[in-house]
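Peer 1: Turn these sequences into a full structure, and let the hints steer you where they fit.
Heads up: the protein sequence lines correspond to chains P and R, in order.
Be aware that the first sequence starts at 192, since it is given in my numbering, and climbs by one per residue.
Be aware that the second sequence starts at 32, since it is given in my numbering, and climbs by one per residue.
Derived from the structure by calculation, the hints contain no laboratory data.
Don't be surprised by glycine CBs; every beta carbon is placed ideally from N, CA and C.
One should not assume that every hint holds.
Label-pair ranges, simulated between beta-carbon atoms [said to hold, decoys possible]:
(1) P:A363 with R:D61: 52 to 60 Å
(2) P:L340 with R:D62: 36 to 44 Å
(3) R:D61 with P:L338: 39 to 47 Å
(4) R:D74 with P:G232: 28 to 36 Å
(5) R:D61 with P:R357: 47 to 55 Å
(6) P:E213 with R:E73: 31 to 39 Å
(7) R:G51 with P:A241: 15 to 23 Å
(8) R:E73 with P:F216: 28 to 36 Å
(9) P:M192 with R:G51: 28 to 36 Å
(10) P:A353 with R:A45: 29 to 37 Å
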Amino acid sequence: MSELRFNELRGEQVVYAIDRQERTFLPARELCPLDPTRPGGPPTEIPFAAFQIAVFDNRFPSFEAPGGAAEVVVYTDRHDGSFATLSPARAEALMWVWRHRYEELGARPDVDYVMIFENRGVEVGVTLHHPHGQIYGYPFLPPVPALELAADERLGGCAPCALLARELDDRARVLIEGDGVVAYVPHAARWAYEAHVVMREHRPSLLDCEPAELRGLAQTLQALVRGYDALFQRPFPYVMVVHQAPTSAPAGSPQTKGHLHVEFYPPLRTAEKLKFLAGSEQGAGAFISDTLPEESAAALCEAIARAG
Amino acid sequence: MAAGSADQPVPEPAPQERYGLLALARVRKDDGRSLILYSHDEDRDGAVAVAESPPAAGHGAA
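Peer 2: In structure tokens form, the structure reads like this:
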């Protein structure tokens, strides 16, 4: 069981999950725990020889009931590939899996915030290469979604709605414009190739989306990550996080705050160089970027077009 | 439904629920952890079978 300690100077919870120190670290391909269990092969987390999408409780959880949840989402039984290489139908199905997990985990009294995410690449600490993501059910509201709610207050309404309107008006950083979903590099991006994928309509969570919007979200996410891979013609590391409404609203009361969007935080600032969080970022909380969002957006637009 | 081991395989799980485009089968792993298998039709014509093979013991990490 993990332990929470409140860091008074930062005003935030720190999670101690010391069992994770022993988690599987970059195993040999034939020992991948996310592969299916093939006859005669080693046992894995999924005891069947084939599957499409699997979700299971993390063996080394950061959170577990009755103090939250930690799940693993395996996108495919194929060891190679990535979210970008899934079939369109599989990517769309994954949106429904995300929605299902948000609904089930969010209904639990010990989960105040559901965060769906994917870490891709050893540059961001990936320990297993098999295409997969994770879900944390936090037993508290973490700082980032709390800041988003504060932005709503500051802007006098839904902040992502307002920021999307500004981006569509400016157009200098828009990457993909679909019927229901827009992707852009934000005006004040922290990372060189940060991108946000935002629902056009005010949708607090995946539960509020129409099926066509979920399909559009999958299509836009895949177009973006394929563009990322084309940008430097290499697998592009990133952290992808789905931002949604907190789930701590009293039962039966509609949760209208929050706006479904997906943020990407890629650590690369060039094909070979990483952005490190160093003195200013860690000590002062002030990001210093070497690139302008408009220039990054232009490069990404070209890469997305090239990836087709 | 509990997952079996290599020595004591259990039948493959049949879908028990529907959710949007998905069919779900819930499995309880040997160590008590939850496993959900989601299936969908790659051609979007409806749900398909969930798993296709004899199960074996599970271990691993993420």
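Peer 1: None of the hints should be skipped; say for each whether it holds.
Peer 2: Hint by hint, here is what the structure shows:
1. P:A363 with R:D61: 52 to 60 Å: Given range 52 to 60 Å: holds, Cβ gap about 55 Å.
2. P:L340 with R:D62: 36 to 44 Å: holds (38 Å)
3. R:D61 with P:L338: 39 to 47 Å: About 41 Å separates the Cβ atoms of D61 of chain R and L338 of chain P, which means 39 to 47 Å holds.
4. R:D74 with P:G232: 28 to 36 Å: holds (29 Å)
5. R:D61 with P:R357: 47 to 55 Å: Taking Cβ atoms as reference, D61 of chain R and R357 of chain P lie about 53 Å apart, which means the hint holds.
6. P:E213 with R:E73: 31 to 39 Å: holds (37 Å)
7. R:G51 with P:A241: 15 to 23 Å: holds (22 Å)
8. R:E73 with P:F216: 28 to 36 Å: holds (33 Å)
9. P:M192 with R:G51: 28 to 36 Å: holds (34 Å)
10. P:A353 with R:A45: 29 to 37 Å: violated (48 Å)
The earlier numbered hint that this structure contradicts is number 10, and it is the only one.
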